[in-house]
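At position 164 of the sequence shown (counting the first as 1) the number is 147 in our numbering, and the numbers step up by one without a gap.
Since the hints were derived computationally from the structure, they do not count as laboratory data.
Hints may be right or wrong, so weigh each one.
To be verified - Straight-line distance between alpha carbons at most 20 angstroms, and here's what the computed PhoX-like set of lysine-lysine pairs gives:
{"hint": "1", "residue 1": "Lys160", "residue 2": "Lys135"}
{"hint": "2", "residue 1": "Lys259", "residue 2": "Lys160"}
{"hint": "3", "residue 1": "Lys(-14)", "residue 2": "Lys160"}
{"hint": "4", "residue 1": "Lys183", "residue 2": "Lys135"}
{"hint": "5", "residue 1": "Lys248", "residue 2": "Lys183"}
{"hint": "6", "residue 1": "Lys221", "residue 2": "Lys259"}
{"hint": "7", "residue 1": "Lys221", "residue 2": "Lys170"}
{"hint": "8", "residue 1": "Lys183", "residue 2": "Lys160"}
{"hint": "9", "residue 1": "Lys221", "residue 2": "Lys183"}
{"hint": "10", "residue 1": "Lys248", "residue 2": "Lys221"}
{"hint": "11", "residue 1": "Lys135", "residue 2": "Lys(-14)"}
{"hint": "12", "residue 1": "Lys259", "residue 2": "Lys248"}
From a predicted model like this one, the values you see are computed outputs, not experimental measurements.
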Amino acid sequence: TSKVVLHVLGVAQDAGYPQVNCYEPRCLPVWAQPELGSGASMLALVIDGRRFHLFDAAPTLPRQLYQFWTETGLTLGDLDGVWLTHAHMGHYAGLLHFGKEAANTRAVPVHAMPRMMAFLARNGPWSQLVSTQNIVVRPLTANTPVLIGAAKITPWLVPHRDEFSETVGYLIEGPNKRALYLPDIDKWQKWDQDLATVLKTVDVALLDATFFSGDELPGRDIALIPHPTVLESIALLKQLPRPVRSRVVFTHMNHTNPLLDPGSKATQSVLALGFKIARIGDRFDL
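Work out the full structure: start from the sequences and follow the hints.
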(Lines of atoms letter the chains of each structure in order from A and count residues from 1; the text may use other names and numbers.)
(Lines give C-alpha, C1' and ligand atoms only; values in the text may rest on other atoms or scores of the structure.)
Protein backbone atom coordinates (compact mmCIF):
# COMPACT_ATOMS: atom_id res chain seq x y z
CA THR A 1 0.00 0.00 0.00
CA SER A 2 0.94 3.62 -0.47
CA LYS A 3 2.58 5.59 2.34
CA VAL A 4 0.82 8.90 3.03
CA VAL A 5 2.34 11.31 5.56
CA LEU A 6 1.10 14.74 6.66
CA HIS A 7 3.89 17.18 7.61
CA VAL A 8 3.46 20.42 9.59
CA LEU A 9 5.31 23.27 7.83
CA GLY A 10 3.98 26.21 9.85
CA VAL A 11 1.93 26.78 13.01
CA ALA A 12 1.47 30.55 13.26
CA GLN A 13 -1.42 32.86 12.40
CA ASP A 14 -1.28 34.57 8.98
CA ALA A 15 1.35 37.16 9.96
CA GLY A 16 3.82 34.57 11.25
CA TYR A 17 5.84 34.58 14.46
CA PRO A 18 7.42 36.99 15.18
CA GLN A 19 4.91 39.40 13.62
CA VAL A 20 5.95 42.60 11.84
CA ASN A 21 6.67 45.47 14.27
CA CYS A 22 6.55 43.25 17.37
CA TYR A 23 9.52 44.30 19.50
CA GLU A 24 8.16 43.06 22.80
CA PRO A 25 9.85 40.42 24.99
CA ARG A 26 7.87 37.58 23.39
CA CYS A 27 9.19 38.51 19.92
CA LEU A 28 12.73 39.81 20.46
CA PRO A 29 14.47 36.44 21.03
CA VAL A 30 12.75 35.08 17.93
CA TRP A 31 14.00 37.87 15.68
CA ALA A 32 17.52 36.93 16.84
CA GLN A 33 16.91 33.17 16.41
CA PRO A 34 14.37 32.67 13.61
CA GLU A 35 14.33 28.90 14.15
CA LEU A 36 12.39 29.61 17.38
CA GLY A 37 9.60 31.15 15.30
CA SER A 38 7.21 29.92 12.64
CA GLY A 39 5.69 30.84 9.33
CA ALA A 40 1.94 30.82 8.87
CA SER A 41 -0.07 27.62 9.11
CA MET A 42 0.77 25.25 6.26
CA LEU A 43 0.82 21.48 5.73
CA ALA A 44 2.41 19.14 3.20
CA LEU A 45 0.93 15.77 2.27
CA VAL A 46 3.69 13.44 1.05
CA ILE A 47 2.70 10.43 -1.02
CA ASP A 48 5.16 7.52 -1.18
CA GLY A 49 8.03 9.86 -0.28
CA ARG A 50 8.15 11.13 -3.85
CA ARG A 51 5.40 13.66 -4.53
CA PHE A 52 3.62 16.14 -2.29
CA HIS A 53 0.64 18.49 -2.00
CA LEU A 54 0.53 21.73 0.01
CA PHE A 55 -2.39 22.86 2.13
CA ASP A 56 -2.30 26.65 1.95
CA ALA A 57 0.58 28.74 0.61
CA ALA A 58 2.07 30.88 3.37
CA PRO A 59 3.88 34.20 2.71
CA THR A 60 7.17 32.76 4.02
CA LEU A 61 6.85 29.68 1.82
CA PRO A 62 10.55 29.74 0.74
CA ARG A 63 11.91 29.23 4.27
CA GLN A 64 9.19 26.72 5.11
CA LEU A 65 9.89 24.68 1.98
CA TYR A 66 13.62 24.80 2.77
CA GLN A 67 12.96 23.24 6.17
CA PHE A 68 10.71 20.64 4.49
CA TRP A 69 13.48 19.90 1.96
CA THR A 70 15.98 19.26 4.77
CA GLU A 71 13.58 16.60 6.12
CA THR A 72 12.37 15.01 2.88
CA GLY A 73 14.63 16.05 -0.02
CA LEU A 74 11.51 17.20 -1.88
CA THR A 75 11.47 20.41 -3.94
CA LEU A 76 8.89 22.45 -5.88
CA GLY A 77 9.54 20.13 -8.82
CA ASP A 78 7.87 17.38 -6.78
CA LEU A 79 4.76 19.44 -6.01
CA ASP A 80 1.52 17.96 -7.39
CA GLY A 81 -0.94 20.54 -6.10
CA VAL A 82 -1.94 23.28 -3.66
CA TRP A 83 -5.20 23.24 -1.71
CA LEU A 84 -6.35 26.67 -0.54
CA THR A 85 -8.59 27.24 2.47
CA HIS A 86 -9.43 30.93 1.87
CA ALA A 87 -8.26 34.36 0.69
CA HIS A 88 -6.64 35.72 3.84
CA MET A 89 -3.01 36.78 3.67
CA GLY A 90 -1.36 33.85 5.42
CA HIS A 91 -3.09 31.22 3.35
CA TYR A 92 -2.46 32.16 -0.28
CA ALA A 93 0.12 34.99 -0.49
CA GLY A 94 2.88 32.39 -0.92
CA LEU A 95 1.58 31.75 -4.44
CA LEU A 96 3.61 34.85 -5.41
CA HIS A 97 6.71 32.66 -5.23
CA PHE A 98 5.35 30.56 -8.11
CA GLY A 99 5.53 33.55 -10.48
CA LYS A 100 8.05 34.53 -13.13
CA GLU A 101 10.09 36.70 -10.73
CA ALA A 102 10.65 33.64 -8.55
CA ALA A 103 10.24 29.88 -9.16
CA ASN A 104 8.33 30.37 -12.46
CA THR A 105 6.49 27.09 -11.96
CA ARG A 106 4.67 25.30 -14.77
CA ALA A 107 0.96 24.51 -14.44
CA VAL A 108 0.88 23.67 -10.73
CA PRO A 109 -2.71 22.63 -9.91
CA VAL A 110 -4.26 25.00 -7.36
CA HIS A 111 -7.49 23.62 -5.93
CA ALA A 112 -9.98 26.25 -4.79
CA MET A 113 -13.66 26.88 -4.17
CA PRO A 114 -15.60 28.93 -6.79
CA ARG A 115 -15.27 32.40 -5.18
CA MET A 116 -11.62 31.75 -4.39
CA MET A 117 -11.05 30.67 -8.01
CA ALA A 118 -12.69 33.83 -9.33
CA PHE A 119 -10.67 35.95 -6.91
CA LEU A 120 -7.39 34.54 -8.28
CA ALA A 121 -8.49 34.82 -11.91
CA ARG A 122 -9.79 38.41 -11.71
CA ASN A 123 -7.28 40.17 -9.48
CA GLY A 124 -3.62 40.93 -10.03
CA PRO A 125 -1.01 39.78 -9.27
CA TRP A 126 -2.70 36.36 -8.97
CA SER A 127 -4.32 36.63 -12.40
CA GLN A 128 -0.87 36.72 -13.99
CA LEU A 129 -0.05 33.36 -12.41
CA VAL A 130 -3.17 32.03 -14.13
CA SER A 131 -2.63 33.70 -17.51
CA THR A 132 1.02 32.63 -17.75
CA GLN A 133 0.08 29.14 -16.52
CA ASN A 134 2.38 29.16 -13.52
CA ILE A 135 -0.72 27.74 -11.85
CA VAL A 136 -3.85 26.02 -13.16
CA VAL A 137 -6.87 26.59 -10.95
CA ARG A 138 -9.06 23.55 -10.36
CA PRO A 139 -12.60 23.94 -9.00
CA LEU A 140 -13.70 22.30 -5.78
CA THR A 141 -17.22 21.52 -4.59
CA ALA A 142 -18.05 21.45 -0.90
CA ASN A 143 -18.33 17.92 0.53
CA THR A 144 -17.18 16.35 -2.75
CA PRO A 145 -14.03 14.21 -2.37
CA VAL A 146 -11.13 14.46 -4.81
CA LEU A 147 -8.87 11.42 -5.22
CA ILE A 148 -5.10 12.00 -5.36
CA GLY A 149 -3.35 8.66 -5.58
CA ALA A 150 -3.82 6.81 -2.31
CA ALA A 151 -5.35 9.85 -0.59
CA LYS A 152 -8.72 11.55 -0.69
CA ILE A 153 -9.35 15.26 -0.04
CA THR A 154 -12.76 16.72 0.83
CA PRO A 155 -13.44 20.45 1.39
CA TRP A 156 -15.86 21.35 4.22
CA LEU A 157 -17.33 24.85 4.31
CA VAL A 158 -16.87 26.70 7.61
CA PRO A 159 -18.17 30.10 8.76
CA HIS A 160 -15.51 32.82 8.66
CA ARG A 161 -15.34 36.48 7.61
CA ASP A 162 -15.47 35.76 3.90
CA GLU A 163 -14.68 39.12 2.29
CA PHE A 164 -13.04 37.67 -0.84
CA SER A 165 -13.72 33.93 -0.81
CA GLU A 166 -15.38 31.04 0.92
CA THR A 167 -13.54 29.40 3.80
CA VAL A 168 -13.04 25.65 3.96
CA GLY A 169 -11.38 23.08 6.14
CA TYR A 170 -10.08 19.89 4.56
CA LEU A 171 -10.72 16.28 5.43
CA ILE A 172 -7.54 14.47 4.36
CA GLU A 173 -7.88 10.68 4.18
CA GLY A 174 -4.98 8.29 3.72
CA PRO A 175 -5.16 4.50 3.34
CA ASN A 176 -5.41 4.05 7.13
CA LYS A 177 -6.26 7.31 8.89
CA ARG A 178 -8.19 10.55 8.54
CA ALA A 179 -7.01 14.08 9.36
CA LEU A 180 -8.94 17.35 9.53
CA TYR A 181 -7.21 20.67 8.74
CA LEU A 182 -9.32 23.58 9.96
CA PRO A 183 -7.13 26.62 10.67
CA ASP A 184 -9.83 29.33 10.65
CA ILE A 185 -13.43 29.38 11.89
CA ASP A 186 -15.53 32.14 13.48
CA LYS A 187 -16.97 30.10 16.36
CA TRP A 188 -17.67 26.39 16.73
CA GLN A 189 -21.34 27.14 17.48
CA LYS A 190 -21.79 28.72 14.03
CA TRP A 191 -20.61 25.61 12.15
CA ASP A 192 -23.21 23.25 10.72
CA GLN A 193 -21.25 20.31 12.15
CA ASP A 194 -20.71 19.39 15.78
CA LEU A 195 -17.01 19.43 16.64
CA ALA A 196 -17.20 16.71 19.28
CA THR A 197 -19.00 14.42 16.83
CA VAL A 198 -16.47 15.17 14.07
CA LEU A 199 -13.57 14.34 16.42
CA LYS A 200 -14.96 10.85 16.87
CA THR A 201 -14.65 10.27 13.09
CA VAL A 202 -11.04 11.45 12.56
CA ASP A 203 -7.62 10.45 13.91
CA VAL A 204 -6.09 13.92 14.00
CA ALA A 205 -7.67 17.38 13.90
CA LEU A 206 -5.49 20.46 13.33
CA LEU A 207 -7.71 23.23 14.67
CA ASP A 208 -7.88 27.03 14.89
CA ALA A 209 -5.95 28.19 17.97
CA THR A 210 -5.40 31.81 16.89
CA PHE A 211 -5.87 33.19 20.41
CA PHE A 212 -5.38 31.37 23.69
CA SER A 213 -7.71 33.68 25.62
CA GLY A 214 -9.29 37.11 25.58
CA ASP A 215 -6.34 38.43 27.58
CA GLU A 216 -4.45 38.78 24.29
CA LEU A 217 -6.98 41.35 23.08
CA PRO A 218 -7.49 43.86 25.89
CA GLY A 219 -10.58 45.99 25.34
CA ARG A 220 -12.10 43.60 22.77
CA ASP A 221 -15.23 41.58 23.53
CA ILE A 222 -14.18 37.95 23.18
CA ALA A 223 -17.67 37.02 21.93
CA LEU A 224 -17.05 39.23 18.90
CA ILE A 225 -13.61 37.83 18.02
CA PRO A 226 -14.09 35.71 14.88
CA HIS A 227 -12.11 32.76 16.26
CA PRO A 228 -12.78 30.31 19.09
CA THR A 229 -10.17 30.88 21.79
CA VAL A 230 -8.23 27.82 22.90
CA LEU A 231 -9.95 28.12 26.28
CA GLU A 232 -13.36 28.06 24.54
CA SER A 233 -12.37 24.98 22.53
CA ILE A 234 -11.10 23.22 25.65
CA ALA A 235 -14.32 24.01 27.52
CA LEU A 236 -16.29 22.51 24.63
CA LEU A 237 -14.20 19.32 24.46
CA LYS A 238 -12.91 18.60 27.96
CA GLN A 239 -15.73 16.12 28.72
CA LEU A 240 -14.62 13.88 25.84
CA PRO A 241 -12.61 10.74 26.66
CA ARG A 242 -8.87 11.44 26.75
CA PRO A 243 -8.10 9.33 23.62
CA VAL A 244 -10.54 11.51 21.65
CA ARG A 245 -9.18 14.76 23.14
CA SER A 246 -5.69 13.66 22.12
CA ARG A 247 -6.72 13.90 18.45
CA VAL A 248 -6.87 17.70 18.77
CA VAL A 249 -3.73 19.49 17.58
CA PHE A 250 -3.91 23.26 18.10
CA THR A 251 -2.40 25.38 15.30
CA HIS A 252 -2.58 28.81 13.56
CA MET A 253 -1.39 30.65 16.69
CA ASN A 254 -1.17 34.44 16.80
CA HIS A 255 2.20 35.89 17.87
CA THR A 256 0.55 36.78 21.22
CA ASN A 257 -0.45 33.16 21.93
CA PRO A 258 1.53 31.60 24.82
CA LEU A 259 1.17 28.16 23.18
CA LEU A 260 3.91 29.22 20.74
CA ASP A 261 6.31 28.96 23.69
CA PRO A 262 6.92 25.27 24.53
CA GLY A 263 7.89 26.28 28.07
CA SER A 264 4.86 28.43 28.95
CA LYS A 265 2.37 27.62 31.70
CA ALA A 266 -0.42 27.70 29.11
CA THR A 267 1.39 25.07 27.02
CA GLN A 268 1.85 22.83 30.05
CA SER A 269 -1.82 23.15 31.06
CA VAL A 270 -3.09 22.30 27.55
CA LEU A 271 -0.80 19.26 27.25
CA ALA A 272 -1.78 18.09 30.75
CA LEU A 273 -5.42 17.94 29.59
CA GLY A 274 -4.39 15.57 26.78
CA PHE A 275 -4.59 18.04 23.89
CA LYS A 276 -1.66 18.55 21.50
CA ILE A 277 0.01 21.66 20.10
CA ALA A 278 1.37 21.70 16.55
CA ARG A 279 5.11 22.23 16.05
CA ILE A 280 7.05 22.52 12.80
CA GLY A 281 8.31 19.09 11.79
CA ASP A 282 5.38 17.19 13.29
CA ARG A 283 4.25 14.37 11.02
CA PHE A 284 1.19 12.17 10.99
CA ASP A 285 1.07 8.85 9.14
CA LEU A 286 -2.23 8.51 7.34
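Taking the hints in turn, this is what the structure says about them:
1. The suggested pairing of lysine 160 with lysine 135 holds, with an alpha-carbon distance near 11 angstroms, which does not exceed 20 angstroms.
2. Distance check on the hinted pair: lysine 259 and lysine 160 sit about 18 angstroms apart at the alpha-carbon level, within 20 angstroms; holds.
3. A distance of roughly 11 angstroms separates the Cα atoms of lysine -14 and lysine 160; the hinted pair therefore holds under the 20 angstroms criterion.
4. In summary, the hint linking lysine 183 to lysine 135 is supported, as the alpha carbons are separated by about 19 angstroms, within the 20 angstroms threshold.
5. For the hint linking lysine 248 to lysine 183, the alpha-carbon distance of about 28 angstroms lies beyond 20 angstroms, and the restraint is violated.
6. Between lysine 221 and lysine 259 the CA atoms are separated by roughly 13 angstroms; this keeps the pair inside 20 angstroms, and the hint holds.
7. As the CA atoms of lysine 221 and lysine 170 are separated by approximately 17 angstroms, the hinted pair is consistent with the 20 angstroms bound.
8. With a CA separation close to 12 angstroms, the supplied pair lysine 183 and lysine 160 stays within the 20 angstroms bound.
9. The suggested pairing of lysine 221 with lysine 183 holds, with an alpha-carbon distance near 14 angstroms, which does not exceed 20 angstroms.
10. For the hint linking lysine 248 to lysine 221, the alpha-carbon distance of about 18 angstroms falls within 20 angstroms, and the restraint holds.
11. The straight-line distance between the Cα atoms of lysine 135 and lysine -14 is roughly 13 angstroms, inside the 20 angstroms bound, and the hint therefore holds.
12. With a CA separation close to 14 angstroms, the supplied pair lysine 259 and lysine 248 stays within the 20 angstroms bound.
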